[in-house]
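Take the sequences, apply the hints, and build the full model.
Note that the protein sequences, when read in sequence, are chains A and B. Residue numbers for the first sequence, in my numbering: 1 to 235. Residue numbers for the second sequence, in my numbering: 1 to 235.
Everything labelled a hint here was simulated from the structure, so no lab data went into it. Errors might be hidden in some of the hints.
To be verified - Going by beta-carbon spacing under 7 Å, a handful of chain A positions derived as facing chain B:
| id | residue |
| --- | --- |
| 1 | ARG31 |
| 2 | PHE72 |
| 3 | TRP115 |
| 4 | ASP138 |
| 5 | PRO141 |
Said to hold, decoys possible - Short derived list, chain A residues pointing at chain B, Cβ under 10 Å:
| id | residue |
| --- | --- |
| 6 | ARG63 |
| 7 | ASP68 |
| 8 | ALA110 |
| 9 | ALA114 |
| 10 | ARG140 |
| 11 | LEU153 |
| 12 | SER231 |
What the hints assert, rightly or not - Between beta-carbon pairs, the in silico distance windows are:
| id | chain 1 | residue 1 | chain 2 | residue 2 | range |
| --- | --- | --- | --- | --- | --- |
| 13 | B | GLY186 | A | ALA203 | 56 to 62 Å |
| 14 | B | PRO120 | A | ARG38 | 21 to 27 Å |
| 15 | B | GLU161 | A | ALA56 | 51 to 57 Å |
| 16 | B | ALA60 | A | ASP86 | 52 to 58 Å |
| 17 | B | LEU44 | A | PRO5 | 55 to 61 Å |
| 18 | A | GLY58 | B | LEU185 | 53 to 59 Å |
| 19 | B | PRO228 | A | ALA199 | 36 to 42 Å |
| 20 | B | GLU145 | A | PRO226 | 44 to 50 Å |
| 21 | A | GLU4 | B | VAL180 | 30 to 36 Å |
| 22 | B | VAL159 | A | ALA219 | 28 to 34 Å |
| 23 | A | LEU44 | B | ARG38 | 18 to 24 Å |
| 24 | B | PRO228 | A | LYS85 | 37 to 43 Å |
All C-beta atoms in this analysis are idealised placements derived from N, C-alpha and C, irrespective of residue type, glycine included.
Number of protein chains: 2
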Amino acid sequence: MSTEPRPAVVLLSGGMDSATVLAIAVAEGFRPHALSFRYGQRHLVELDAARRVAAALGAASHRVVDVDLGAFGGSALTADIPVPKDRAPAEIGHGIPSTYVPARNTLFLAYALAWAEVLPARDIFIGVNALDYSGYPDCRPEFLEAFERMANLATRIGVEEGSLRIHAPLLRLSKAEIIVRGRELGVDYGLTRTCYDPAPDGAACGRCDACALRLRAFAQLGLTDPAPYSSRTVG
Amino acid sequence: MSTEPRPAVVLLSGGMDSATVLAIAVAEGFRPHALSFRYGQRHLVELDAARRVAAALGAASHRVVDVDLGAFGGSALTADIPVPKDRAPAEIGHGIPSTYVPARNTLFLAYALAWAEVLPARDIFIGVNALDYSGYPDCRPEFLEAFERMANLATRIGVEEGSLRIHAPLLRLSKAEIIVRGRELGVDYGLTRTCYDPAPDGAACGRCDACALRLRAFAQLGLTDPAPYSSRTVG
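Structure (structure tokens):
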């Protein structure tokens with residue numbers, strides 16, 4: 001890189017997708033500021049994973065913002081509704097699952113936008129994925145395009161300093177392709193956590209939708225997922 | 001009303017605009033759920049005002065959500081930057097003022113959207129105002145239209161249950177017209193608080209941009225603002 005790295009905000013959950021996105025932002029020459037959320041999720045262990053990933057991949061800074069989503073209820077990730085288990089990957093992605101968090105990506109991108117204005121940064125990275133996607137409306141490309149358009153009308157940086165961009169580099173990749181790309185860029189997936197319902201020691205359940213998709217992807221590549229599991233089911 | 005009132009989410013700051021919007025939502029036959037934010041603002045007195053206004057106008061419920069905006073800094077409303085004082089109304093509205101909070105309406109509408117999904121409600125009310133508007137990009141009609149479009153792509157209620165609407169009934173009203181409409185609907189403006197920099201007892205400063213616009217509007221109507229002030233300057 002001959003020029004000063006441009007700052008970017010990277011949404012970082014601690015899962016494998018956002019870790020890969022952070023590595024991609026670095027590889028594209030950005031100076032990434034990582035943003036995570038404490039939003040009443042049961043799987044707080046992902047925030048420890050986010051901290052390890054941000055440090056390992058050299059984020060310029062990392063902030064964890066408290067988001068008061070639990071106040072509204074309505075999701076198995078934040079409320080007392082059972083997480084679906086032991087569904088085959090083929091069953092996942094039909095209809096909107098109970099683990100859907102209302103307006104989650106809208107809220108997370110809105111916080112990223114606020115931070116982007118302050119830094120300032122004109123680039124926001126998010127690890128959404130439409131191919132292996134699990135039925136969430138806010139993971140689709142048409143949502144991201146509409147958010148980007150809105151963001152350019154909403155903010156000083158959009159209005160005065162030219163176009164603000166939402167980058168979703170995983171949008172059209174399968175989970176297996178994401179792993180291949182991340183390994184090329186040196187992502188240690190042993191640091192990442194994906195499970196919706198981990199054990200108290202942080203071990204993944206191996207049975208929720210997120211675990212099922214992740215384990216299948218490693219299996220497709222003939223690899224063993226380096227993250228800890230309490231049980232493993234590959235559908 | 002012959003039918004059951006439809007639920008709506010109404011953003012309620014405690015100022016005169018959002019109080020008027022709440023009264024309009026009631027008059028239009030909605031069952032309003034009021035939503036306020038604690039976002040590190042210096043003028044917390046507005047939250048007490050929001051509680052009084054929600055009760056007086058018969059909101060179905062009222063929630064105050066903590067928003068971690070101060071973590072990013074960047075605004076005179078949340079950071080340690082002086083609030084502009086003693087500007088004539090004619091000076092207000094040129095450029096983006098230091099009291100701009102980054103991505104504020106995007107964030108507030110995102111929370112309203114999350115609550116709308118859970119209730120469920122298909123209507124969100126916001127008291128933005130483009131005529132007397134103070135230079136904020138996220139108070140313009142093109143922003144609201146872009147947010148509405150994005151919201152319909154982001155959410156289960158948008159995708160599965162038809163169109164979600166952002167109502168901004170004050171968009172093209174002057175502050176004086178807002179007061180006239182609110183008085184017709186029985187809004188007690190003595191309960192509302194607008195000031196960016198109130199005294200510890202809650203009295204408005206009478207000198208910041210928000211006070212200047214409000215006092216001018218009451219003066220134009222030949223009325224006395226019923227809210228308490230520590231000093232009054234009408235430009």
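Hints versus structure:
Checking ARG31(A) against chain B: minimum C-beta separation of about 17 Å lies over 7 Å; hint violated. For PHE72(A), the suggested interface contact is upheld, since its CB lies about 5 Å from the closest CB of chain B, less than 7 Å. Below 7 Å, beta-carbon pairs count as interface contacts, and TRP115(A) has one with chain B at about 5 Å; its hint therefore holds. At about 5 Å, the closest approach between the beta carbon of ASP138(A) and any beta carbon in chain B falls short of 7 Å, and the interface hint on this residue holds.
With its C-beta approaching chain B no nearer than about 10 Å, PRO141(A) sits outside the 7 Å limit, and its interface hint is violated. For ARG63(A), the interface hint holds, since its Cβ comes within 10 Å of a Cβ in chain B; the closest pair sits about 6 Å apart. With a cut of 10 Å, the hint placing ASP68(A) at the interface with chain B holds, because the nearest CB-to-CB distance is about 5 Å. Annotation: ALA110(A) was flagged as interfacial toward chain B, and the flag holds, the nearest CB pair being 4 Å apart, inside 10 Å.
A cut of 10 Å between beta carbons decides the hint on ALA114(A): the least distance to chain B is about 4 Å, and the hint holds. A least Cβ separation of about 7 Å between ARG140(A) and chain B falls short of the 10 Å threshold, and the interface hint therefore holds. For LEU153(A), the shortest C-beta to C-beta distance to chain B is roughly 4 Å, which falls under 10 Å, so the interface hint holds. The interface hint given for SER231(A) is violated, since its Cβ lies 31 Å from the closest Cβ of chain B, which is over the 10 Å cut-off.
The supplied range of 56 to 62 Å is met by GLY186(B) and ALA203(A), whose beta-carbon atoms lie about 59 Å from each other. Range check, PRO120(B) to ARG38(A): about 25 Å between beta-carbon atoms, so the 21 to 27 Å window is met. For GLU161(B) and ALA56(A), the hinted distance range of 51 to 57 Å is not satisfied, since their beta carbons lie about 43 Å from each other. ALA60(B) and ASP86(A) have their C-beta atoms about 40 Å apart, which leaves the hinted 52 to 58 Å range violated.
Checking the proposed 55 to 61 Å range against LEU44(B) and PRO5(A) shows it is violated: the Cβ atoms sit about 39 Å from each other. Between GLY58(A) and LEU185(B) the beta carbon distance is about 56 Å. The supplied range of 53 to 59 Å therefore holds. Range check, PRO228(B) to ALA199(A): about 56 Å between beta-carbon atoms, so the 36 to 42 Å window is missed. For the pair GLU145(B) and PRO226(A), the supplied restraint of 44 to 50 Å holds, since their beta-carbon distance comes to about 47 Å.
At about 54 Å, the CB distance of GLU4(A) to VAL180(B) disagrees with the hint of 30 to 36 Å. Separated by about 32 Å at the C-beta atoms, VAL159(B) and ALA219(A) satisfy the suggested range of 28 to 34 Å. Checked against the hint of 18 to 24 Å, the C-beta distance between LEU44(A) and ARG38(B) comes to roughly 23 Å, which is consistent with it. Between PRO228(B) and LYS85(A) the beta carbon distance is about 58 Å. The supplied range of 37 to 43 Å is therefore violated.
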